[in-house]
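Visitor: The lines below spell out each chain.
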Amino acid sequence: MGAYILRRLALAVPTLVGVTVVVFALIRLVPGDPARLVLGLQASEEEVQRLRVQLGLDQPLPVQYVRFLGRLLQGDLGRSVVTGEPVAREIAARLPATVQLAVASTLVATAAGVAAGVVSATRQYSWLDYLVMTVALAGISLPVFWLGLMLMLLFSVHLRWLPAGGYGTPAHLVLPTVTLAAFSVAIIARMTRSSLLEVLHQDYVRTAWAKGLGSRAVVLRHALKNALIPVVTVIGLQFGGLLGGAILTETVFAWPGMGRLLVGAIVARDYPVVQGAVLVFAALFTLVNLAVDVLYAYVDPRIHYG
Amino acid sequence: MPRTAPTVWRRLRRHRTAVAGLLVLAVLLLISAAAPVLFPEDPTEPRFERVLRPPSSEHPLGTDNLGRDLLTRIAYGGRVSFFIGVLAVSFSAIVGVPVGLVSGYYGGTFDLLVQRLVDLLLAFPGFLLALTLVAVLGVGVTNVVVAVGLATAPVYVRLVRGVVLSVRSQTFVEAARALGASDRRILFRHVLPNCTAPVIVQSTLQLGTAILTAAGLGFLGLGVKPPTPEWGTMLGEGQTYLFSSWYMATFPGLAIFLAVLAFNLLGDGLRDALDPRMKLA
Chain A
1 MGAYILRRLA LAVPTLVGVT VVVFALIRLV PGDPARLVLG LQASEEEVQR LRVQLGLDQP
61 LPVQYVRFLG RLLQGDLGRS VVTGEPVARE IAARLPATVQ LAVASTLVAT AAGVAAGVVS
121 ATRQYSWLDY LVMTVALAGI SLPVFWLGLM LMLLFSVHLR WLPAGGYGTP AHLVLPTVTL
181 AAFSVAIIAR MTRSSLLEVL HQDYVRTAWA KGLGSRAVVL RHALKNALIP VVTVIGLQFG
241 GLLGGAILTE TVFAWPGMGR LLVGAIVARD YPVVQGAVLV FAALFTLVNL AVDVLYAYVD
301 PRIHYG
Chain B
307 MPRTAPTVWR RLRRHRTAVA GLLVLAVLLL ISAAAPVLFP EDPTEPRFER VLRPPSSEHP
367 LGTDNLGRDL LTRIAYGGRV SFFIGVLAVS FSAIVGVPVG LVSGYYGGTF DLLVQRLVDL
427 LLAFPGFLLA LTLVAVLGVG VTNVVVAVGL ATAPVYVRLV RGVVLSVRSQ TFVEAARALG
487 ASDRRILFRH VLPNCTAPVI VQSTLQLGTA ILTAAGLGFL GLGVKPPTPE WGTMLGEGQT
547 YLFSSWYMAT FPGLAIFLAV LAFNLLGDGL RDALDPRMKL A
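Heads up: the sequence lines are chains A and B, in that order.
In this text, residue positions in the first sequence follow the numbering used here: the first is 1, and each later residue adds one.
In this text, residue positions in the second sequence follow the numbering used here: the first is 307, and each later residue adds one.
Don't take every hint at face value.
What the hints assert, rightly or not - Ranges between beta-carbon positions, derived for each pair:
| id | chain 1 | residue 1 | chain 2 | residue 2 | range |
| --- | --- | --- | --- | --- | --- |
| 1 | A | Pro96 | B | Gly444 | 25 to 35 Å |
| 2 | B | Leu336 | A | Ser126 | 33 to 43 Å |
| 3 | B | Pro342 | A | Glu47 | 47 to 57 Å |
Said to hold, decoys possible - The following residues of chain B were derived to be distant from chain A, with all beta-carbon distances above 10 Å:
| id | residue |
| --- | --- |
| 4 | Arg319 |
| 5 | Ile400 |
| 6 | Arg422 |
| 7 | Leu443 |
| 8 | Thr477 |
| 9 | Gly527 |
| 10 | Leu528 |
| 11 | Gly538 |
| 12 | Ile562 |
Stated by the list, open to error - One side only, chain A facing chain B, incomplete, derived with CB under 10 Å:
| id | residue |
| --- | --- |
| 13 | Leu26 |
| 14 | Pro31 |
| 15 | Thr122 |
| 16 | Arg123 |
| 17 | Ser141 |
| 18 | Pro143 |
| 19 | Leu159 |
| 20 | Leu162 |
| 21 | Pro163 |
| 22 | Gly166 |
| 23 | Pro170 |
| 24 | Ile229 |
| 25 | Val232 |
| 26 | Gly240 |
| 27 | Ile266 |
| 28 | Phe281 |
In short, the hints are calculated from the structure, not lab data.
Just so you know, even glycine gets a beta-carbon here, dropped at the ideal spot from N, CA and C.
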């Protein structure tokens, strides 16, 4: 198992390096001169040239990339063009809020999604099954930012139960979490239902019924365990959608996370911050999928670690 | 084997949810297409004498902060949103399908390189990739199409490559090769037709995703530039007035939701209708 984890970790390294290449290349595609962008239109040509040399922009691209990677490995993501602060510090200040939101949403989505999927699968073709599946289909079609605004209208403006935005208390976490979880709940419910239906038709489940076990034991103890294996993968994959949704959810609820940092930086053309934030988002997604792969090998004994 | 169009249509018609999706889509498309006839007002011209009016018989969905009729703007906005969706999905299919075809059929170094690139692009959450591309390219309809299209292309590469790999070694392809058919003939006459069904299903679902992504960019103020009506951009403008004028954000969002839901219903239905193993009541 340890060797498997190490090998899987080693495989993630090229992906992470590739991600840095893609982000580096994309940011270099921005039209215009980054040095001119920093100094503004009033700066003289000499000043711009001096900054260009200072930032290493006069070097060929591969040299620039190697330097960029070298600094990255030391945790140096450059400085914000707008605030002058180190990008790494700005990200470190915002990352916890995003992680908090993402983790809370994943937990809620997994619990609600698996529960809804089990209810649906064990009562296939009942009105409850149709209801769950209809709501799930609506869930994957809802624009997350619209859902957020509608929940805000209902629970903050009309009922006055929850704050409309901001950060700090558990009450602030409720609406953003529910908003962000909706899409994942729907995906997980659909996956759980189809996976459980497949398992429920297998021989060992029939044996469990035949030896007189109650439905709770058959479904929850015997069938669900195996049915959840593909669900684990889906939870990892939808984490990407969750991160994308987080960017929008944070904007709706004024949640001080990485998403708002990124959007603000794009609007302000603060490319070092854009670069840093995109890198961290992509790295987060890669690492979560790595963790899921390892978890997968752990829950599915058919996968050999050798 | 691909089914003939009439058979698929007959099966699709019996799929209740797919028909519902088709109907919603037809209504939305009709309203958008006929917008200039149905709604003679200019969707972009401010009318300051009637700002933020709630829904009434005169303005069924109300007016926005610049006094423009929301129903008019949603109808015109549909043209922009559907246009972006169709172009972005076509763009990603035109890029992704041939690459997947060649990559799967010939294998080798090209396949290896393509797959690594696809892995890399899929290491970015789709919305993040589109957002980053817009950050680099700048806002506007064309750039949104390119950004959403490029972010989706890897999905097609992977899908088509998978189909090609499963078809390549089957007897009918071997028979064609034994009869002396050229690679090009095998690819276009025998392999490509097997990709049609999955590509159609994927494209239908992807249309919903593309509209959703483009609307998300618009909501963040990084999509289509105002005053052009686009559903996501309108929703973003409405957020400012959410507490005083709920209708401004509510109705554009409802339009996005209905359009995406319709594409998802239709896509699910098409998948069942195109799958010969599925029995439809």
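Visitor: Compare the structure with each hint and give your call.
Guide: So, going through the hints one by one against the coordinates:
no.	hint	in the structure
1	Pro96(A) - Gly444(B): 25 to 35 Å	holds (32 Å)
2	Leu336(B) - Ser126(A): 33 to 43 Å	holds (36 Å)
3	Pro342(B) - Glu47(A): 47 to 57 Å	holds (53 Å)
4	Arg319	holds (20 Å)
5	Ile400	holds (21 Å)
6	Arg422	violated (7 Å)
7	Leu443	violated (8 Å)
8	Thr477	holds (29 Å)
9	Gly527	violated (7 Å)
10	Leu528	violated (6 Å)
11	Gly538	violated (8 Å)
12	Ile562	violated (5 Å)
13	Leu26	holds (5 Å)
14	Pro31	holds (8 Å)
15	Thr122	violated (22 Å)
16	Arg123	violated (19 Å)
17	Ser141	holds (4 Å)
18	Pro143	holds (5 Å)
19	Leu159	violated (14 Å)
20	Leu162	violated (14 Å)
21	Pro163	violated (13 Å)
22	Gly166	violated (15 Å)
23	Pro170	violated (23 Å)
24	Ile229	violated (21 Å)
25	Val232	violated (18 Å)
26	Gly240	holds (4 Å)
27	Ile266	holds (4 Å)
28	Phe281	holds (5 Å)
Hint check: violations occur at hints 6, 7, 9, 10, 11, 12, 15, 16, 19, 20, 21, 22, 23, 24 and 25; the rest are consistent with the structure.
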